[in-house]
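Line by line, the protein sequences give chains A and B.
Quick note, this note's numbering runs 22 ahead of the 1-based positions in the first sequence.
Quick note, this note's numbering runs 22 ahead of the 1-based positions in the second sequence.
Hints are supplied without guarantee of correctness; some may be wrong.
You can't tell identical chains apart in this list, so a pair holds if it fits in one copy or across any two.
Claimed, not checked - Here are the computed lysine-lysine pairs in the DSS-like style, where the Cα-Cα straight-line distance is at most 30 angstroms:
1) Lys274 with Lys30
2) Lys56 with Lys134
3) Lys204 with Lys107
4) Lys113 with Lys204
5) Lys107 with Lys203
6) Lys203 with Lys51
7) Lys146 with Lys204
8) Lys234 with Lys113
9) Lys252 with Lys119
10) Lys113 with Lys203
11) Lys134 with Lys272
12) Lys368 with Lys146
13) Lys335 with Lys56
14) Lys115 with Lys353
15) Lys107 with Lys167
Simulated from the structure, these hints should not be mistaken for lab results.
Bear in mind the structure is a predicted one, so any value in this text is a computation, not a measurement.
Protein chains: 2
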Amino acid sequence: METLIGQKVHHFLRRGIFFSHRDLHLILKRYEEKKPFFLYTGRGPSSSALHLGHLIPFFFTRWLQEAFNVPLIIQMTDDEKYLWKDLTIEKTKELTKENIKDIIAMGFDVNKTFIFSDLSFIGKCPEFYENIIRVQRSVTFNQVKGIFGFGDSDCIGKISFPAIQAAPSFSSSFPFIFNGKKDIPALIPCAIDQDPYFRMTRDVAPRLSLPKPALLHSSFLPALTGAQTKMSASDPNNSIFLTDTPNQIKNKINRYAFSGGGATIDEHRANGGNCDIDIAFQYMNFFLEDDNRLEQIRSEYSSGQLLTGDLKKELIGILQTIVAQHQERRKAVTDEVVEQFMSLRKLNL
Amino acid sequence: METLIGQKVHHFLRRGIFFSHRDLHLILKRYEEKKPFFLYTGRGPSSSALHLGHLIPFFFTRWLQEAFNVPLIIQMTDDEKYLWKDLTIEKTKELTKENIKDIIAMGFDVNKTFIFSDLSFIGKCPEFYENIIRVQRSVTFNQVKGIFGFGDSDCIGKISFPAIQAAPSFSSSFPFIFNGKKDIPALIPCAIDQDPYFRMTRDVAPRLSLPKPALLHSSFLPALTGAQTKMSASDPNNSIFLTDTPNQIKNKINRYAFSGGGATIDEHRANGGNCDIDIAFQYMNFFLEDDNRLEQIRSEYSSGQLLTGDLKKELIGILQTIVAQHQERRKAVTDEVVEQFMSLRKLNL
């Protein structure tokens with residue numbers, strides 16, 4: 023990839039945070055042959071406040087878009103959240119708008135990016151519904167039962183929803199962007215838990231004479247209290263939100279971030295810290311771009327030279343900067359900007 | 023009903039062809055109180071040629087619309103046919119357009135009638151999709167399994183489809199007609215086999231704080247060869263199509279229409295004919311409006327005075343007229359007229 027794009031790949035790739043793929047080589051081959059592809063990713067807007075973990079696929083997607091100069095489509099599955107959560111449609115729409123503002127604030131280029139929510143876009147684009155119904159005809163209840171674990175007491179909306187996440191994988195769902203072309207494949211950067219949707223999509227695509235989407239999977243940002251669980255919006259003390267103040271970030275890291283250091287300073291100096299379980303170090307791995315500095319920290323922390331407090335202090339600074347910059351950019355995202363990103367239009371590339 | 027509308031009711035009601043209902047009295051009470059309601063019916067466009075049986079709900083719906091002067095909404099479930107039949111989306115759209123032309127030719131008033139197809143309308147009206155997803159959240163696989171007999175190997179499109187037939191029962195699905203009002207109930211004239219969809223809808227409505235639709239059910243026009251089966255588009259010799267020539271109608275009735283008459287003329291004169299099983303008489307019951315003439319035929323045929331040949335001859339004349347008039351009206355239905363009926367607009371009432 024570095025040869026093709028003439029630059030170093032993103033540290034999420036270098037460090038194996040995006041750790042697996044399907045058919046990425048086919049996308050790279052297309053790029054080499056100057057054939058088009060597009061990026062597709064998404065979010066289910068179930069809470070108004072995003073946390074640091076939500077940045078991972080979007081930061082990486084932004085980088086991919088810049089490196090390859092390709093159209094990006096972002097799906098907000100507000101219908102999914104309505105089906106799964108105890109929310110009204112009105113509340114779901116509110117959350118969606120707030121989430122879109124956060125996503126835009128991550129730095130996407132309005133000239134190359136189309137953001138849509140299912141509840142609004144399905145009612146605007148018949149070609150999208152056609153692809154949904156094509157997928158719905160090609161997948162049985164048995165299959166979604168096997169893939170997603172649906173049962174007989176699940177509502178029929180959940181059962182048919184996977185088709186709605188599948189359909190944006192096909193360029194023909196967006197005739198206003200791709201001029202009705204059906205054969206432009208998608209590359210989907212997403213967290214690994216979304217893979218079942220796209221295994222299903224890849225299974226269906228050939229039967230519909232449509233190209234299989236390629237995938238790039240990320241691992242999860244661990245929760246503050248340890249690497250066993252992923253960061254989750256439902257547990258405020260286990261997560262750092264994009265709305266947190268510098269002080270909240272400082273306090274959460276200092277109080278809750280699980281330490282791989284020694285029980286006492288003496289012990290730490292003697293045996294060193296364990297980077298593999300230390301949450302502050304894990305977060306550095308995600309958010310400190312400088313490879314040399316990261317290796318220095320790994321070495322000094324492992325040897326015991328660097329204390330947990332020092333490590334946390336540096337991390338706090340990094341995260342405070344990222345969150346403050348995000349909050350600053352988000353202030354500039356007005357309703358009008360949201361409308362621009364969501365309007366059905368050609369993209370400039 | 024006759025007191026309310028100041029005229030005799032349609033012979034389909036007088037003769038029990040529309041033979042059962044749900045909550046019709048509530049609709050009539052609203053009419054008496056000058057509160058609004060609307061009519062909703064539909065068709066699944068699985069074949070290009072409609073037959074006489076297809077006229078029944080539409081003829082009656084047209085009469086209801088005229089008698090009560092209310093908006094009428096006609097749903098073409100092209101997505102359903104795509105899901106159930108071995109058709110492409112393109113072919114389904116063709117059939118839909120042909121069927122819409124036949125429906126318009128039945129005499130609907132463009133100022134009071136909105137016709138839509140799912141494949142096109144879902145992509146034009148977010149409020150419709152919102153109601154679909156509301157119903158989809160309120161119905162489980164267990165329920166549709168019980169109501170429609172779906173199994174684990176059915177595609178997920180079929181499983182969630184009943185919500186798409188349910189959603190037009192609610193005025194909030196058509197904000198451009200009802201100004202966003204949610205509380206205007208529907209009266210649905212339909213063949214009895216569609217009742218399961220609307221029992222489901224009536225079950226769901228209160229949970230969505232939406233009004234239950236009322237229903238009027240028709241029996242089926244029997245096939246030519248006998249009252250055991252309904253007329254079906256898949257068996258040309260068992261059906262009379264709206265595209266048949268006068269000669270085809272004559273030949274089909276003479277050759278295939280099951281006779282309740284005697285085996286010989288002598289036997290017929292002695293014992294009379296059996297109107298209950300005689301298909302020509304059954305068709306008269308559907309298509310001969312004149313009650314007195316119908317009773318005269320019943321009496322003369324039952325007594326043996328009127329022969330099967332005479333009965334068939336009169337029926338042939340009636341059906342040739344109905345079909346010829348339909349064909350004449352259909353010629354006037356251009357693509358522009360179809361567009362008028364399908365455009366999203368206020369209705370004039």
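Right, here's what the structure says about each hint:
| no. | hint | result |
| --- | --- | --- |
| 1 | Lys274 with Lys30 | neither (33 angstroms within a copy, 78 angstroms between copies) |
| 2 | Lys56 with Lys134 | within (18 angstroms within a copy, 54 angstroms between copies) |
| 3 | Lys204 with Lys107 | between (34 angstroms within a copy, 23 angstroms between copies) |
| 4 | Lys113 with Lys204 | between (35 angstroms within a copy, 18 angstroms between copies) |
| 5 | Lys107 with Lys203 | between (36 angstroms within a copy, 26 angstroms between copies) |
| 6 | Lys203 with Lys51 | within (19 angstroms within a copy, 54 angstroms between copies) |
| 7 | Lys146 with Lys204 | both (19 angstroms within a copy, 22 angstroms between copies) |
| 8 | Lys234 with Lys113 | between (34 angstroms within a copy, 25 angstroms between copies) |
| 9 | Lys252 with Lys119 | within (24 angstroms within a copy, 52 angstroms between copies) |
| 10 | Lys113 with Lys203 | between (35 angstroms within a copy, 20 angstroms between copies) |
| 11 | Lys134 with Lys272 | neither (36 angstroms within a copy, 65 angstroms between copies) |
| 12 | Lys368 with Lys146 | both (15 angstroms within a copy, 19 angstroms between copies) |
| 13 | Lys335 with Lys56 | neither (46 angstroms within a copy, 73 angstroms between copies) |
| 14 | Lys115 with Lys353 | within (20 angstroms within a copy, 46 angstroms between copies) |
| 15 | Lys107 with Lys167 | both (20 angstroms within a copy, 24 angstroms between copies) |
When held up to the earlier numbered hints, the structure conflicts with 1, 11, 13 and fits the remainder.
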